[in-house]
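Could you slot chain B onto chain A? The hints should help.
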Amino acid sequence: MRPVLLAIPIVLLLAAVSVFTGVGSLAASDDGRGWLLIVESRLPRTLALMLAGAGLAVSGTIMQMLARNRFVEPSTAGTAESAALGMLLATLISPGLPVAGKMAFAALAALVGTALFLQILRRVPLRSQLMVPLVGLMLGGVVNAITTFIAYRYDLMQSMGAWMSGDFSAVLRGRYELLWIGFALTLVAYATAARFTVIGMGEAIARNVGLDYDKVVTLGLAIVSMVTATVVATVGMIPFLGLVVPNIVSLILGDNLRRTLPLIAAAGAGLVLACDIVGRVVIAPYEVPVGTVMGVIGSLVFLHLLLSRRAHAG
Amino acid sequence: MIEIQEVTKSYDGNAVVDRVSLTLPAGGLTSIIGPNGAGKSTLLSMVSRLMPMDRGKVLVDGLDVSRAAGDVLARRLSIMRQDNHITARLSVRDLVAFGRYPYSKGRLTVVDAEHIDRSIAYLGLEPFANRFLDELSGGQRQRAFIAMVLCQDTDYMLFDEPLNNLDIKHAVETMRLLRRLADDFAKTVVVVLHDINFASAYSDRIVAMQGGRLAFEGTPEDMIVPSRLEAIFGVDCRVHAVGETRLVNYFE
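Residue numbers (our numbering), protein chains in the order written: chain A, 1 to 314; chain B, 1001 to 1252.
Mixed in with the good hints there might be a few duds.
The list that follows gives simulated cross-link-like pairs (lysine-lysine, DSS-like), each with its CA atoms no further than 30 Å apart [stated by the list, open to error]:
| hint | chain 1 | residue 1 | chain 2 | residue 2 |
| --- | --- | --- | --- | --- |
| 1 | A | Lys215 | B | Lys1057 |
| 2 | B | Lys1169 | A | Lys215 |
| 3 | B | Lys1169 | B | Lys1105 |
Covered stretches of chain B (in silico footprint by chain A; criterion: 3 or more residues with CB under 8 Å from a CB of chain A, positions within the stretch not fixed) [said to hold, decoys possible]:
| hint | stretch |
| --- | --- |
| 4 | 1043 to 1052 |
| 5 | 1061 to 1074 |
| 6 | 1099 to 1113 |
| 7 | 1119 to 1127 |
Worth flagging that the hints you see were computed from the coordinates, not collected in a lab.
A virtual CB, placed ideally from N, CA and C, is assigned to each residue, including glycine.
The shape of chain A in the complex, shown without the other chains:
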């Protein structure tokens, strides 16, 4: 548990910096507007960042165990794209549906998309570990093309952009709380962490120690789909986060998830906070969305992992 104790103060420090970073001045006047700014905008934003970061990092870890591949996460397996398609369909079918309803629809779509991805992995013999994320990216591309086509026809391209690219600038109190559902599921993942470690040891070993393999895979899929859907519905997808954090933690501490998941969650929260602070500072008073910052950092780390892990990826 020591590494997580080390991580928590860093995350709290980043959270404090996050709360006090922004265009509006907190000390402008003493009519309580500074306080209002914190409660209505800054604190919700910081909380949203942490919840989304922790949830996506843990989701990535679970997906890597389910797919038995290091390079899989919600944005490289069609999960996020499927969730966006679900949001779009919900918007078209029932425009008046509250966000929570749309999110449920998105979760269902994400579940179907991810299950499809796992089925493809089971059916198609893949010679290389690197093929797995490529298949996922292709599946995501196909789903995304469908979504784009429909969104274009119904003039919903702007909404689609919001779902696919993480941006926390519009987070206000009352508009991010769905992320707490994702956090509750992250806690479920922690409570059942040992099962996912066993799944990551392969089907034969999992069945040998008496695990109900299909049931645990279903549980994992449900957690990953719901968490991804809450993020897509509220702030938009943050790519590569679920890939970078688990891989780095795994290199240092291994994959006994009962031990490492708290650190993965804390590191995910910390990384998103850091990316968001960078995005808010570099071109202040304007903002670079966190999804873009994370995309740049994440793809670089992803490339590095691809190249360095190749030797013992198989």
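This is chain B only, laid out in the frame that chain A set:
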């Protein structure tokens, strides 16, 4: 006792395992031999419920493997396969500890810790206990997996081609170890083997399969005779008695 009753598995109408009935008494070491494609590993996978069977039934001490709860069976029978591709990066100690999963579900007790220490010590893995599996040599990794199933502490221990990819030293060490599991711990050990001489030297019973069927079964004395080996493998061979062991020479 493992009772295999009329077990069948087919792919696209071709029976890989065809109505095999076999009773393995408790105790001792049984080897399953036969040419490639004889259905040895498939049979072992069905006995250990890794693979569903199309027809038939397997009872382990009266427990139907197709119906028993996963963790109940996991406390009675374990299987170690060869293709252990592990995505999770685990230390040797963590891996061995997961052998206790059927008992503790991941929350280790004092009793579990004792089992883990004993298994690690028994396989001489103490120097590597905190190393990650991907930092070990093939032979060391093999021992770590054996330690894991030993830690699972089941009466029946199944091994699917445990000697694959091992050099002679490690192969001999592994077979001696499996022999000791039967002798020292009174385990019932069932091993799928390719090398007839290993089967001859270390087994109490040998079961031969051919074309998905049970061909012969018996003691090494019954089985390691030229006529039977030729019938099973289709190669001419001679059998020499060296001390107490019968060795097969199929080179001439």
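> Against the structure shown, which of the earlier numbered hints fail to hold, in ascending order?
Replying inline: Going through the list in order, the structure violates hints 2, 3, 7 and respects the others.
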